[in-house]
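Chains as they are written, first to last, in the UniProt record's numbering: chain C, 1 to 262; chain L, 1 to 287; chain G, 1 to 363.
Please note: incorrect hints may appear among the correct ones.
[Said to hold, decoys possible] In silico BS3-like pairs for lysine-lysine, Cα to Cα no more than 25 Å straight-line:
no., chain 1, residue 1, chain 2, residue 2
1, G, K182, G, K125
2, G, K131, C, K171
3, C, K171, G, K75
4, G, K114, G, K131
5, G, K108, G, K130
6, L, K13, G, K75
7, G, K114, C, K171
8, G, K125, C, K171
Because the hints were derived from the structure by calculation, they are not lab data.
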Amino acid sequence: MRHLTTALAATYAGLLYLFIFLPVIVLVLFSFQDGTLPVPPLNGLTLRWYEAIFADGKLMAALGNSLIVAILSSAVACILGFLAAYAFARYTLPASGLLRGLIVAPMTVSTLIIGLGLLSVLNLTGMRLSLLTVGIGHVVINLPLCFAIIYASMGGHQVNIERAARDLGAKDWQVTLLVTAPMLAPSILAAFFLSVTFSWDEFIVAFLLSRFDVTLPVEIWSMLRSGLDPRTNAIGSVVFLVSVAFLIIMELAVFRKTGKSS
Amino acid sequence: MTATALERAERRKAWAFALPALLWTGFFFLVPFAYMAAISLWTRQGREIVATWTLDNYIAFFEKAHLFKGLVVSLEITAIVTVISIVLAYPLAWIIAERVPKTWQRFALIMAILPFWTSYVVRSYSWLLVLSKGGVVNQALLWLGVIAEPLELSANRTGTVIGFVHFFVMLLTLTIYANLIQLSPNYRRAAADLGANAFQTFWHVVLPLTLPGVMVGAFLTFVLCIGDYITPQILGGNNELVLPQVIMLQLGRRADFPMAAAMSLVLMAIVTLAYIACARWLKMERT
Amino acid sequence: MTADVSIRNATKVFGAFRALDDVSLDIAAGEFIVLLGPSGCGKTTLLSILGGFIEPTSGTIAIGGRDMTHVSPAKRPTTTMFQDYALFPHMCLRDNVGFGLRMRGMGKAERYEKAFSYLDLVGLKASSAKKPHELSGGQRQRVALARALAVDPDVLLLDEPLGALDLKLRRQMQDELKAIQKRVGTTFVHVTHDQEEAMAIADRIVVMNKGRIEDVGTPASIYMRPRSLFSAGFMGEVNLLPAKVRGTAANETEVETALGRVALPASAFVSGMPATGHDVTLCIRPEHFRSANTATPTISLGRGRITDSAFFGTHHRCHVAADGLALTAHLPQTEAPEVGAELDLRLKADSIVVLQAGAGVGP
Numbered sequence: 001m002r003h004l005t006t007a008l009a010a011t012y013a014g015l016l017y018l019f020i021f022l023p024v025i026v027l028v029l030f031s032f033q034d035g036t037l038p039v040p041p042l043n044g045l046t047l048r049w050y051e052a053i054f055a056d057g058k059l060m061a062a063l064g065n066s067l068i069v070a071i072l073s074s075a076v077a078c079i080l081g082f083l084a085a086y087a088f089a090r091y092t093l094p095a096s097g098l099l100r101g102l103i104v105a106p107m108t109v110s111t112l113i114i115g116l117g118l119l120s121v122l123n124l125t126g127m128r129l130s131l132l133t134v135g136i137g138h139v140v141i142n143l144p145l146c147f148a149i150i151y152a153s154m155g156g157h158q159v160n161i162e163r164a165a166r167d168l169g170a171k172d173w174q175v176t177l178l179v180t181a182p183m184l185a186p187s188i189l190a191a192f193f194l195s196v197t198f199s200w201d202e203f204i205v206a207f208l209l210s211r212f213d214v215t216l217p218v219e220i221w222s223m224l225r226s227g228l229d230p231r232t233n234a235i236g237s238v239v240f241l242v243s244v245a246f247l248i249i250m251e252l253a254v255f256r257k258t259g260k261s262s
Numbered sequence: 001m002t003a004t005a006l007e008r009a010e011r012r013k014a015w016a017f018a019l020p021a022l023l024w025t026g027f028f029f030l031v032p033f034a035y036m037a038a039i040s041l042w043t044r045q046g047r048e049i050v051a052t053w054t055l056d057n058y059i060a061f062f063e064k065a066h067l068f069k070g071l072v073v074s075l076e077i078t079a080i081v082t083v084i085s086i087v088l089a090y091p092l093a094w095i096i097a098e099r100v101p102k103t104w105q106r107f108a109l110i111m112a113i114l115p116f117w118t119s120y121v122v123r124s125y126s127w128l129l130v131l132s133k134g135g136v137v138n139q140a141l142l143w144l145g146v147i148a149e150p151l152e153l154s155a156n157r158t159g160t161v162i163g164f165v166h167f168f169v170m171l172l173t174l175t176i177y178a179n180l181i182q183l184s185p186n187y188r189r190a191a192a193d194l195g196a197n198a199f200q201t202f203w204h205v206v207l208p209l210t211l212p213g214v215m216v217g218a219f220l221t222f223v224l225c226i227g228d229y230i231t232p233q234i235l236g237g238n239n240e241l242v243l244p245q246v247i248m249l250q251l252g253r254r255a256d257f258p259m260a261a262a263m264s265l266v267l268m269a270i271v272t273l274a275y276i277a278c279a280r281w282l283k284m285e286r287t
Numbered sequence: 001m002t003a004d005v006s007i008r009n010a011t012k013v014f015g016a017f018r019a020l021d022d023v024s025l026d027i028a029a030g031e032f033i034v035l036l037g038p039s040g041c042g043k044t045t046l047l048s049i050l051g052g053f054i055e056p057t058s059g060t061i062a063i064g065g066r067d068m069t070h071v072s073p074a075k076r077p078t079t080t081m082f083q084d085y086a087l088f089p090h091m092c093l094r095d096n097v098g099f100g101l102r103m104r105g106m107g108k109a110e111r112y113e114k115a116f117s118y119l120d121l122v123g124l125k126a127s128s129a130k131k132p133h134e135l136s137g138g139q140r141q142r143v144a145l146a147r148a149l150a151v152d153p154d155v156l157l158l159d160e161p162l163g164a165l166d167l168k169l170r171r172q173m174q175d176e177l178k179a180i181q182k183r184v185g186t187t188f189v190h191v192t193h194d195q196e197e198a199m200a201i202a203d204r205i206v207v208m209n210k211g212r213i214e215d216v217g218t219p220a221s222i223y224m225r226p227r228s229l230f231s232a233g234f235m236g237e238v239n240l241l242p243a244k245v246r247g248t249a250a251n252e253t254e255v256e257t258a259l260g261r262v263a264l265p266a267s268a269f270v271s272g273m274p275a276t277g278h279d280v281t282l283c284i285r286p287e288h289f290r291s292a293n294t295a296t297p298t299i300s301l302g303r304g305r306i307t308d309s310a311f312f313g314t315h316h317r318c319h320v321a322a323d324g325l326a327l328t329a330h331l332p333q334t335e336a337p338e339v340g341a342e343l344d345l346r347l348k349a350d351s352i353v354v355l356q357a358g359a360g361v362g363p
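The following block holds chain C by itself, in its conformation from the complex (with noise of 0.2 Å):
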């Protein structure tokens, strides 16, 4: 009884994990494929559609303004997201709850309609679509998500550990550099990995937003309207590789830290 229950379990896992799997493996084996149609039967591997990509400079212009605006938007995110926290979880503001309620909203909304609003307000105040204005909806999307992290890990212990450093002689803004945020700072690092992250992968607002210089994503949406493409599958291979690159830094840097000091 034991062993069947084991034996299904183990099979039921397995399915689960192929079907996880299949669309993953399916790009990345026939991004070396040796042919124009990334579909069976599989003619041959070769790396040319990885020469291709890596020549191509609208493709790598487009990785380039991806990285640029994911680094810079979760930045500001966690920079702004960080200050409210400290705010909400150290002060009494009137009406807390409100404002607090504010700056989470548009984790509620979907980027879509955070999206087209801000494309209606730009078109009405005549600001140029660029890549400006995309780090400007990324960070209205990842502010919500660092506020949440950040706010979630001041507990009321911390107060205590600012309070003897003020005690101790600190003035503000060394309590804040030197206690605060390198308390906070596998919380401040989590929120802007997953900020790094989201932004990185979005695509509404960065296709609403943007004109001339794309982001990564858009421009493998451009990429699709021709239809299956070994080179779309050496891309996306190579995003899906950076993404869990850095998912290992994180899981290394972050969890590892927050996980012996508790």
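Following the hints, complete the assembly by docking chains L and G onto the known chain C.
For chains L and G alone, kept in the frame of chain C given last:
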């Protein structure tokens, strides 16, 4: 009661810390949102938006079948996806939490959500590779002789649902696992101690205790699924459009911003209703 | 360094709640003061006002003769040792202890040397490179003490620092704390709700209740001669016997209780001499019913019957019924009290304290 000098200084500092985030959200979220709400009540003449207040856009949405159908299709697909995803994800989460040795659980979980980190656009594209007529599944089935003609797995509702289920199975496995692992083992011990067998323990104790977590996951699935444009656009074909596709169509081909705004707000109203329903249910569970 | 502290009419109001109500107190330089009371009595509020973390609604604080009422915590000659230690989790012990010196601009070499000497004081020099999470509760507590002392404060404020430790470790730390205080000579103001801890370490105890000071004095005087019913009850078990003043003759005053008339010396009336006919309360510690067979002059409250008895190690705790009153008596461990046996309720005249009814107890 007058505030002391210290308290006044503290309050000034509090505002200085909170204002940047509040202003950012105000300028780039609240104002655009309010403006869009206003636009949804205006009309389009040619390519111009005219500020005459009217409910015409909303009325048109509910009256014109080709627009309203988008909402119906969206709701149907979302419901199907949510149910299938929960049914598939719960056992996997349970197996990882209960049957996988402790030291391997984190690894098993990370593996279960690894394709999460492929680019969103790329993920839908790779399903196209799997499901299209010349794709892996059809080729394999043809080769095995199971089918004589390729199955229509993409460019229709099936494709959209499979693409969605793939994403949400990962998401729900994560949330349900987090719930299962939080349960004190003493619940299970107590149930076993009182004579319940493994199935009874699961059915009467573990499942009810994890239901709130499942509900939160289901809500998340609902919100992300009903608002998504990419998956149906890539995998769903052109015969059956979901609401976000209809909205983008208004925007792109017809440049009817007021109509797109009105439909976006309907979409948001539905999400809000779902949120209220979910929150009330959770509250009822707790009391 | 060390300094005296003077609190004048300190009041703190939070909304409708008077956390501190017109408190005045003088603390001598180098004194070990314990603020004792139940939670919500205002002791922590008073400590926070001394540390500068909250400002009093009215009243003044002076340390070393200088007015500190509106001075920020950083600029006060005080440091606080927090209940949860509040060690910086991301810094090693050396950096924790050296933090205050770093804020004062002291160079690295000198700072480390001083940090090491304070870690040495608390016996943790060997662990200076460790992080706080690698330490036990008692060790963290020592680091918090070293960190607070390293900046050489005039006054050290201790906010229930031993609260999180288990009993055995708490006793050990009490002894250490007292020894270190003697060595450094700094004025210590220590908050606790544990009266045994207060007696173990204090030069003087300040008993607080409902935002007010109930009693101030050495541990012995507060225990033996409490000046309020609250203070008497908080310091340990006590029998409260209602009585009426019948008259005063020579240096004795006669009061009437349910257990008969008793003549008491004037020294028993710690909260002033009441007029004839006033209601008073006799406070009798349970361990004072031990004078039945001694030769010293005693007062008799008649006889009682033991209704229940339990052995507590240092004594037998007995419930005694006497004329419808329920009393508690602690009998020596060498005796073997039996339920149902009679007990001679006799005690030394100077062990009774008489308080005016209602003295010191709020409504």
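Going down the list of hints, with the structure as the test:
no.	hint	result
1	G/K182 <-> G/K125	holds (21 Å)
2	G/K131 <-> C/K171	holds (24 Å)
3	C/K171 <-> G/K75	holds (10 Å)
4	G/K114 <-> G/K131	holds (18 Å)
5	G/K108 <-> G/K130	holds (18 Å)
6	L/K13 <-> G/K75	holds (19 Å)
7	G/K114 <-> C/K171	holds (22 Å)
8	G/K125 <-> C/K171	violated (28 Å)
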